[in-house]
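2 protein chains.
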Amino acid sequence: MNAPDPVAGKAPLPKPLTEALAARFGKRFSTSDAVRLQHGKDESSYAPAPPDAVVFAESTEEVSAIAALCHAHHVPMIAYGTGTSLEGHLLAIHGGVCIDISAMNRVLCIRGEDLDATVQPGVTRKQLNAELHDTGLFFPIDPGADASLGGMAATRASGTNAVRYGTMRENVLGMTVVLADGSIIKTGGRARKSSAGYDLTRLMIGSEGTLGIITELTVRLYPIPEAISSAVCAFPNIEAAVNTVIQVIQIGIPIARIELLDALALKGINRYSKTSLREAPTLFFEFHGSPANVKEQAHSVAEIAATHGGMDFDWATRPEDRSRLWQARHDAYYACLGLKPGSRALTTDVCVPISRLADCINETVADLEASQLQAPIVGHVGDGNFHVVLLVDPDDASEVAQAHVFSNRLVERALGMEGTCTGEHGIGFGKARYMAQEHGVAALTVMRAIKHALDPDNLMNPGKILPSA
Amino acid sequence: MNAPDPVAGKAPLPKPLTEALAARFGKRFSTSDAVRLQHGKDESSYAPAPPDAVVFAESTEEVSAIAALCHAHHVPMIAYGTGTSLEGHLLAIHGGVCIDISAMNRVLCIRGEDLDATVQPGVTRKQLNAELHDTGLFFPIDPGADASLGGMAATRASGTNAVRYGTMRENVLGMTVVLADGSIIKTGGRARKSSAGYDLTRLMIGSEGTLGIITELTVRLYPIPEAISSAVCAFPNIEAAVNTVIQVIQIGIPIARIELLDALALKGINRYSKTSLREAPTLFFEFHGSPANVKEQAHSVAEIAATHGGMDFDWATRPEDRSRLWQARHDAYYACLGLKPGSRALTTDVCVPISRLADCINETVADLEASQLQAPIVGHVGDGNFHVVLLVDPDDASEVAQAHVFSNRLVERALGMEGTCTGEHGIGFGKARYMAQEHGVAALTVMRAIKHALDPDNLMNPGKILPSA
Numbered sequence: 002m003n004a005p006d007p008v009a010g011k012a013p014l015p016k017p018l019t020e021a022l023a024a025r026f027g028k029r030f031s032t033s034d035a036v037r038l039q040h041g042k043d044e045s046s047y048a049p050a051p052p053d054a055v056v057f058a059e060s061t062e063e064v065s066a067i068a069a070l071c072h073a074h075h076v077p078m079i080a081y082g083t084g085t086s087l088e089g090h091l092l093a094i095h096g097g098v099c100i101d102i103s104a105m106n107r108v109l110c111i112r113g114e115d116l117d118a119t120v121q122p123g124v125t126r127k128q129l130n131a132e133l134h135d136t137g138l139f140f141p142i143d144p145g146a147d148a149s150l151g152g153m154a155a156t157r158a159s160g161t162n163a164v165r166y167g168t169m170r171e172n173v174l175g176m177t178v179v180l181a182d183g184s185i186i187k188t189g190g191r192a193r194k195s196s197a198g199y200d201l202t203r204l205m206i207g208s209e210g211t212l213g214i215i216t217e218l219t220v221r222l223y224p225i226p227e228a229i230s231s232a233v234c235a236f237p238n239i240e241a242a243v244n245t246v247i248q249v250i251q252i253g254i255p256i257a258r259i260e261l262l263d264a265l266a267l268k269g270i271n272r273y274s275k276t277s278l279r280e281a282p283t284l285f286f287e288f289h290g291s292p293a294n295v296k297e298q299a300h301s302v303a304e305i306a307a308t309h310g311g312m313d314f315d316w317a318t319r320p321e322d323r324s325r326l327w328q329a330r331h332d333a334y335y336a337c338l339g340l341k342p343g344s345r346a347l348t349t350d351v352c353v354p355i356s357r358l359a360d361c362i363n364e365t366v367a368d369l370e371a372s373q374l375q376a377p378i379v380g381h382v383g384d385g386n387f388h389v390v391l392l393v394d395p396d397d398a399s400e401v402a403q404a405h406v407f408s409n410r411l412v413e414r415a416l417g418m419e420g421t422c423t424g425e426h427g428i429g430f431g432k433a434r435y436m437a438q439e440h441g442v443a444a445l446t447v448m449r450a451i452k453h454a455l456d457p458d459n460l461m462n463p464g465k466i467l468p469s470a
Numbered sequence: 002m003n004a005p006d007p008v009a010g011k012a013p014l015p016k017p018l019t020e021a022l023a024a025r026f027g028k029r030f031s032t033s034d035a036v037r038l039q040h041g042k043d044e045s046s047y048a049p050a051p052p053d054a055v056v057f058a059e060s061t062e063e064v065s066a067i068a069a070l071c072h073a074h075h076v077p078m079i080a081y082g083t084g085t086s087l088e089g090h091l092l093a094i095h096g097g098v099c100i101d102i103s104a105m106n107r108v109l110c111i112r113g114e115d116l117d118a119t120v121q122p123g124v125t126r127k128q129l130n131a132e133l134h135d136t137g138l139f140f141p142i143d144p145g146a147d148a149s150l151g152g153m154a155a156t157r158a159s160g161t162n163a164v165r166y167g168t169m170r171e172n173v174l175g176m177t178v179v180l181a182d183g184s185i186i187k188t189g190g191r192a193r194k195s196s197a198g199y200d201l202t203r204l205m206i207g208s209e210g211t212l213g214i215i216t217e218l219t220v221r222l223y224p225i226p227e228a229i230s231s232a233v234c235a236f237p238n239i240e241a242a243v244n245t246v247i248q249v250i251q252i253g254i255p256i257a258r259i260e261l262l263d264a265l266a267l268k269g270i271n272r273y274s275k276t277s278l279r280e281a282p283t284l285f286f287e288f289h290g291s292p293a294n295v296k297e298q299a300h301s302v303a304e305i306a307a308t309h310g311g312m313d314f315d316w317a318t319r320p321e322d323r324s325r326l327w328q329a330r331h332d333a334y335y336a337c338l339g340l341k342p343g344s345r346a347l348t349t350d351v352c353v354p355i356s357r358l359a360d361c362i363n364e365t366v367a368d369l370e371a372s373q374l375q376a377p378i379v380g381h382v383g384d385g386n387f388h389v390v391l392l393v394d395p396d397d398a399s400e401v402a403q404a405h406v407f408s409n410r411l412v413e414r415a416l417g418m419e420g421t422c423t424g425e426h427g428i429g430f431g432k433a434r435y436m437a438q439e440h441g442v443a444a445l446t447v448m449r450a451i452k453h454a455l456d457p458d459n460l461m462n463p464g465k466i467l468p469s470a
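First to last, the sequence lines map onto chains U and F. Numbered per our numbering, the first sequence spans residues 2 to 470. Numbered per our numbering, the second sequence spans residues 2 to 470.
If a hint is listed, it holds; no wrong ones were tucked in.
No copy is singled out in the list; a pair is fine if it fits within one copy or between any two copies.
Below, computed lysine to any residue pairings styled on SDA-like, alpha-carbon distance capped at 20 Å:
id: 1; residue 1: K187; residue 2: R434
id: 2; residue 1: K187; residue 2: T446
id: 3; residue 1: K42; residue 2: A146
id: 4; residue 1: K187; residue 2: Q438
Just so you know, the hints here were simulated from the structure itself, not pulled from any lab data.
Using the sequences and the hints given, assemble the complete structure.
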């Protein structure tokens, strides 16, 4: 869909560069079609745009050496972790060298007293949590996919836990970053807070590899709650569910997760997960705290839900019951795909102030109903962020086009409600055209000035975030 | 102390600039000695460096017009809020125009459902909380002084509530900022989270007016907890207190405030506040939650404190008892000054990983004991941040010099423990010399590149944050 130019037609890599990379990296340097193709796509619906070569780096020094070589030869470079991005972030639309950091996957240090860990960027969130086993600690950011932490930082990822634990923005203390010319900087540090100068850590988080390549990061950890309980509750309509969420947050219940799924998503889940949940707008809750406290939280939420017409409030404290409920939520994406066999998903990602969320979803549902599109809705409703999972037949050009037009209307709607075109997926290739509208031309000019200051030759993941001038 | 060059000797303001400012701003433009002197100092111990003129701005458009004029005439500009900064942030060490934004003090909008408020930068934290009265919401960041929110954002301030609610970094959603040439940008937005491009909000937070002048900000609000309780507990030594804090945080008690004061600070408090607290290392706690939950939190903390030798654990739920305890903590600064009548305070601000906090404080106490300096210690111990309040006779040059040398040793010690030279006060004029050591030359070069990209003529608060090249 909406295919950017493939690599064909671009200048080949300079021979001295390929020779230097081949000499240094041997079998870890590849120009094979299979390897290039694998690295020229992500989980978006954009057509692949393979890089000219792939290098498998194993250390900060290697990434630095590759960057210095690419810089010397004016060749673009794109970092690659797990390939789970959703907006064409990894597409080599200007060719160049893909730097695969997935082998940089060691947890370097876990510091229980300080509640932090230093990891290489290829460590995935599940891997980190597996390695934290027995420490009593966990890393909360969960974007669904088992993404690499470097990639999650680069896209400012979040997910279901953000309402309580924040996003990657709040959970990275410091980083090592390789810049366009191969120089290596350390950002931030290990102090919990600091007022010492410009916040380069936050500048790099969300920069999608356009300012630097993250080669190490120190992340915050949290104690595994003494008790966790879950609940699920169906509602007569979207407003009732959203108003429940607003009230829950306003009275200060420290809810850990609060997820909204619409009736169609529930239908998909029932089919996929063999559950028999009511096929109505539904909230999934998770509570963290002491045993008494989670009980109290669930009780308060049940009361609030009841005043908004909540039905079938089902509270689960046993791990197997919790797992069953949340597994169903986690599987929602695949469950949605199952609603239309053979389809691919085009997933939207707007986020609006929560006071506008019900309006935004309702207008979106009306828009969907007026179309022929099949599209369940799942939302991180505590943050005002929701995804419309547009199920399209990739071979049906008209349907694909309709989905893109719908998605565009949704972004316009969200921007009109003081929202953002992307709550957690990032801009990548796909949403660069909304940057001026969302931020204004003056702020976009500042972003361009920063990009130019750090990467004057536009070699780091070119064509992403910033629209062509 | 350590006086920068006063304004004398610098070129006067260009006449066309003063004429243009006088014509537009009338009585809101001043070059009187009294007004200039008042705007050429902060609460640090540095000698004043008055600006050449002061303009009292009342809107974003006015700030923009002043900036455009200063830019056209290559004249420095410094924003001024409440004058409560602590590192010489406001000193006009290169002369120029001070833009006083204290009259931009309107709360523009409070949005209860979205838990946010949009304010002008001169609104102080106490004013905001007063205007939030009756909404059930509050703004938690409390740096002690009744600072302006613009200034708090500019210095990335935090304070006693940061362990639970974060710092200004986590609590600003978006801003309006005037750049060096007078252009106006909007950063961030009202969505709770966004992955749309470079995080200009976080870049401006902590930039101390060197990249832009904040003229509006949208901040996060929180529900006032249903119940608040406080406790105070003395310990046989610093380690016991710090180990209590580590354990409290590690088991996930969602403590709102946890403050450490040393024996000397307690002595000052007893004298100043007529209390009879044990003069030993002491923790002050505050718990937020439901009535049952705060009781449970306090009970858990009391148990942990007891295993570390905690004494006289005193738990207060009645508002008047809580107020009495926390008033004593809030008055600690003045109580400390009272320990040595006629003294001024030179306040340090290092922050280290909490695992190193006891070591850092103990080495610092040993250092103090070896000196003749009198200096109580107060700390935001949940964050690893503590202040040594060095009480010096401003007329005793030898004592002043000794305090500066001590402060320098403390910064070196903290940096050696992976800490920062400033947890919450900022770099200003006073700590620019530590920037290279803390961040490394490569990262400092990036900061300089960003400064140059946004303010190529170095007109915005020049001489702050970045050391002279």
